[in-house]
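Each chain is listed here by its residues.
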Amino acid sequence: MIDQTATEVEQLIEMARGFRLDVLEMTSRYHAHLSSCLSAVEIMTAIYFGGVLRYRPHQPKWEERDRFILSKGHAAPLFYTVLAHAGYFDTSRLAHFREIGDELHGHPIQDSLPGVELTSGSLGQGLSFGIGHVLARRLSGLDYWVYVLMGDGECEAGQVWEAAMSAAHYKANQLVAIIDHNQYQQTGPIQREMSLTPFDEKWRSFGWHVEECNGHNITDLLDTLQRAKQVTDRPVVIIAHTVKGKGISFVEADYSFHGRGLSPEQAKLAREEILCRTVN
Amino acid sequence: MPYGELAGLRPAKQLREYFGQAILEAAQQNPRVVVLDGDLGNSTGAATVKKAFPERFFNIGIAESNMISISAGLASCGYIPFATSLSSFLLCNAYEQIRVSVAIAGLNVKLMGSHSGMTTNREGPSSMSIEDYALSGGLPTFTILVPSDPVSMIKAVHAAVKHVGPVYIRSSREPMPYIYSEDDPFEVGKANLVREGGDAAIIACGLMVPVSLDAATLLAQEGIQVRILDMHTLRPLDRAAILKAAKDTGAIVTAEEHMIRGGMGSAVAQVLAQDLPTPMRFIGIPDRYPRSGSLEELMADMGMTAQHIAAAVKDVIRQKQKT
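Taken in order, these protein sequences are the chains called C and U.
Note that my numbering has the first sequence beginning at 715, numbered continuously upward.
Note that my numbering has the second sequence beginning at 655, numbered continuously upward.
Simulated from the structure, these hints should not be mistaken for lab results.
Predicted model only: the values in this text are computed from it and were never measured.
A couple of the hints might just be wrong.
[Said to hold, decoys possible] Beta-carbon label-pair distances, calculated as ranges: (1) C:GLY921 x U:ALA706: 54 to 60 Å; (2) C:GLY855 x U:PRO839: 50 to 56 Å; (3) U:LEU897 x C:PRO828: 28 to 34 Å; (4) U:ALA706 x C:THR805: 47 to 53 Å; (5) C:GLU986 x U:ASN684: 56 to 62 Å; (6) U:ASP941 x C:GLU915: 46 to 52 Å.
We put the CB at the ideal spot given by N, CA and C, even for glycine.
Just chain U, same shape as in the assembly (with noise of 0.2 Å):
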C-alpha cells in the first residue's frame, strides 16, 4: 500500500520530479541559478535545467569533491550553484570538500541529494543515504531542508535561492503523497503542523510525514488523537514549535528515514533534555546497515511502518500516564 494511502492522502509522482520542476523555474526566474551535476542529472531531476538552459548546466562526471570545489568558485563570483547527485554520493564523497570550500566561509552553495534514505532499497546499502543528517548536521552553517511532498519540495528550492548561504535539500525517488495545498506555508525553521491531537505528538520529516499520518489514522480508530509536526527544516529546528508539542502532549515520538544516532530525533531529544524532559520513542534506522530489499520490506526490517509509529506512541503514552 503507497505511504499516506491508509490517511487518505492524494498520491503524486516521485518527489525527484518536483524537484527538476522547481529547478527549472528558479533557473527560469533568476540568472544566477546554475547546476552541478555528478553524472546523474536524468536520475535526481536536474537535467531539466540542461535542456533548458544548456550554458548553466555543468556535468562535472563522476567526481563530487571537484563538483563541490567549482561549485564554491562559482558561489564567490555571485552564482547560486546546486550542486546535485544522489545523497549519499554528495554528502559522503565531498564531505571535505563540503566542510572546507564551503561551510567555514558559510558560501551560497545549495547541495540537493536526491535518492536518500532507504529509497535506492535494492540497490544495497551503498548508494543509500542514511547519514545524511548527521553528516549536514555537522556544518553549523548549513540550513537543512527536508521536504516531505511535491509542494513542500518546490517551496524549499525556492526558499534555498532566496537563502543567502549554504543550505542542503533532501530528495527521494520515492512517491511522497500531497500532505499541503498551494496556499500552505513553508518557511524555513517553521515547522508546520499536520495533524492536531492532543495524546501525544509525532515528530516526522520526509517520507516519514505520511507513514506518520497512516498511523495517526490507525490510532484514531482506537479513540488515539496524535498531533503531528512535519519538521521540514532540521537546522534552524523549530525548538518552540518542539516545546510546545512537549508541554501539550507530554509524550513525544519522532520518525525519520535516517540513522536514529544523529538524527533529527536526536536534535529533538537535545532540546527537550534540556528544557523540558519528556517520555520519547525513536522511530528510524537502528544501529546496523539495511541489506537490499524493496523498501517496504527495509521498513518492515527496520522498525519503521505505520505499525511500528503506532506502537510506539501507545508505549510512550503508557509512559506518559505512569509518571
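For reference, chain C alone in the conformation it holds in the complex (with noise of 0.2 Å):
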C-alpha cells in the first residue's frame, strides 16, 4: 500500500483544486471541454502526484517510464497542466492553449509536447496503442505499466472492445485502462443515448480485471490504483465514479456544457466556487 498520509491526501486535494482553476482559464478563452476535464481532475492528480506513475519530466523519452496514455483528448487541458506542474514545461505555456505558434494543441499530438504520448482527439484509439506499448515491452525486456485514461462514452467506439479482446488474448498484464464513468456523453446521458450497461460485466465477460471506485476521492482512487498493481496476470479496467463538470454546481446539472467553456459572469462564479468548496 501507498501509505498517503492526511496531509498528503489534502496537499493532493489542493493541488486539484488548482487544475480546476486552470483549466476553467484555459477553456474559457476559446472554448474547450470545461465539464470532461473536471470529471478526471482527481484521476489525474492521484496518477501523477499520487506515487503511481514513475515518469522523469527531463527524460520524457526514459524508457522505463510508466506511461500515461490520454485516449480521451478532449481533456486536454487538464493533462496540460497536470504536465506542466509536473515540470514536463514551464506553465506560463498553458496561456497559450489552442494558440498557433506553440504545441498545445486543442487536442494533443504525440511528442509536439514533451509528455504527450498519443495523438488523440478521435476517441477509441488508446487503449489499442497501449497493449502496443505492452507488447514492445515485452520484447524489450522492460518493465513498466500502462495507465490508459478512457471516456465512458467512447466506449461505444467498436475498436475499444476490439482492444479490450485483444489486451485479453495477449494476457496484456501491467495494462490499467482507467474510465472517467461520468455518465455523460456529447448530446445527453449514456443510458438513455446509447447504454453501456451491463458495463462491468462487458469487461469482466472480455477477461479483465474490474475495479470500480469514487473517482472524485483521492483515497479511493490511490487505493484502487494500488490494488490494480497487485495483478499481474491480466489487464485492469477501474471504473472510476465521477460528475461530469465536477466542481462547479451549474456545469454538473446541465450536460450541455461538454464543448464549451464559460462565459466571463459564469467564469466568475465558477472560480468563487471552485475556490470555496471541496471536492472529495
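Join the two chains into one complex using the hints; note that each chain is given alone, in its own frame.
As C-alpha cells, then:
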C-alpha cells in the first residue's frame, strides 16, 4: 500500500483545486471541453502526484517510464496543466492553449510536447495503442506499467472492444485502463443515448480484472490504483465513478457544457465556487 | 497471355511471395522488425515471419483498427511494425487510425497491403483496392511505394525498413514478371527509366509497368518509340523525371491499376499543369466499380490492356502534332 498521510491527501486535494482553476481559465478563452476535464481531475492528480506513475519530466522518453496515455483527448486542458505542474514544460505556456505558435493543440499531438504519448481527439484509439506498448515491453524486457485514461462514451467505439479482446488474448498485463465514468456523452446521458449496461460485466466477460471506485475521492483512487498493481496476470480496468463538470454546480447540472467554456460572468461564479468548495 | 510476355519479360511468381521473402530477410537482419497480421498472413506472405520468429508476429485478428493503433504503440517504443492485410481492408477499415495514430505524428509504421488493384478479380469489388493511392496520398507524412516486379518488391521492403517514417507498400497476388536485375537501382523518390523512346512517354506503376512494356512492343512494330518510367514511388513524386519526360517527348500517358481520379496520373498532371502543360491521356479505372470476372476481362472492361495503352499513346501523339 502507498501509505498516504492525511496531509498528503489534503495536498493532493489542494493541487486538484488548482488544476480546476487552470482548466476553467484555459477553456474559457477559446471554448474547450471544460466538463470533461473536471470529471477527471482527481484521477489525473492521483496518477501523476500520488506516487502511482514513475516518470522523469526532464527525460520524457526514458525507456522504463510508466506510460500515461490520454485516450479521451478532449481532456487536453487538464492534461496540459498536469504535465506543466509535473515539470514537463513551463506553466506559462498554458496561456497559449489552442493558439498557433505553441504546441498546446486543441487535442494533443504525440511528441509535440514532452509527456504526450499519443495523438488523440478521435476517440477509441488509446487502449490499442497501450497494448502496443505492452507488446513492446515484452520484446524489450523492460519493466513499466501502462495507464490509459478513457471516457465512458468512448466505450461505444468498436475499437475499444477490439482492444479489450486482444488485450485479454495476449494477456496484456501491467495494463490499466481507467474509465472516467461521468455518465454523459455530448448529446445526453449515456444510459439514454447508448447504454453501456452492464458495463462492468462487459469488461469481466472480455477477460479483464475489474475495479470500481469513487473517481473524485483521492484516497479511494489511490487504494484502487494500488490494488490494480497486485494484478499481474491480466489487464485491469478501473471504472471510476465521476460527475461531469465536478466542482462547478451549474455545470454539473447541465450536460450542454460538454464542448464549451463559460462566459466571463459564469467563469467568475465558477472560480468562486472552486475556491470555496472542496471536492473529495 | 501473361503480362509482360509480349515484351519478352522473364516470368515470376506472385508478387506477394517476394514480400514474404523480403519481410523474412528484414526480420532476420533487424530484431526491431515486427509483423502484425489481420488474419491473412497466409495470403499476404507475412506468415514467413510467423514460422521463423513467432515472438515477433502478432495476429490481431479481423480488427484492422486495433492492429494499426497497436502498431503505433510498438513504433513509439522503437520497433518497426509492418501492419499487413489485404490493401483494401487495411486502408479502408483503419483509415482513421492510420491518420490519427500514425500519420499526424509521422510514426515509423509500415503498412503492407496485398491483393491490390483488381487482382482479387472474381471475388468482386469489396476486396479490391483501387482507391489506395488516393487514401495513402491523403496522408502527407506517408511515403508510398508501388513495386512492379520481384526485385523492386524486395528492395522496397528493405528501403521501408531503412526509412524512418510511415510507409505504405502495395503488393499484389498477380505474378509480375522480372523487369529488373539485382544490380538495378531502387531509390525511394526516383523513378526508374525502363525503356527509352522519344515519341511519347508512359508513366506507369505496379502491374501497369509490364503492361506498358507490352504496349511499347506493339507500338514499336508501328515505328513508334515510347519512353517508360516506372513511377514506383508515388510520394515523394519524382518531379524531375516527369518534367524531363514531358520536355523530351511532349506527350504523356499515365497507366495505373487504380481509379483514375485521385491516382498517380492525377499527381503527374498536377506537376505538368503547373510547370509544363503537356498533352496527356490517363489509363486506369474510370468512375465505376469493377464487377467479378477474370483479371483479363476486367482490364479489358476498364480500358487497361496493352492495346488500350497503345491507342492512348497514338492519340496523345496526334494531339501533340496538332499543337
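Outcome of the hint check:
A C-beta distance of roughly 29 Å is found between C:GLY921 and U:ALA706, which places it outside the suggested range of 54 to 60 Å. The hinted window of 50 to 56 Å between C:GLY855 and U:PRO839 is violated, with their beta carbons roughly 39 Å apart. Our hint of 28 to 34 Å for U:LEU897 and C:PRO828 is violated, since their Cβ atoms are close to 43 Å apart. For U:ALA706 and C:THR805, the Cβ-Cβ distance of about 51 Å falls inside the hinted range of 47 to 53 Å, so the restraint holds.
The hinted window of 56 to 62 Å between C:GLU986 and U:ASN684 holds, with their beta carbons roughly 60 Å apart. Evaluation of the 46 to 52 Å hint for U:ASP941 and C:GLU915 yields a pass: the beta carbon distance comes to about 48 Å.
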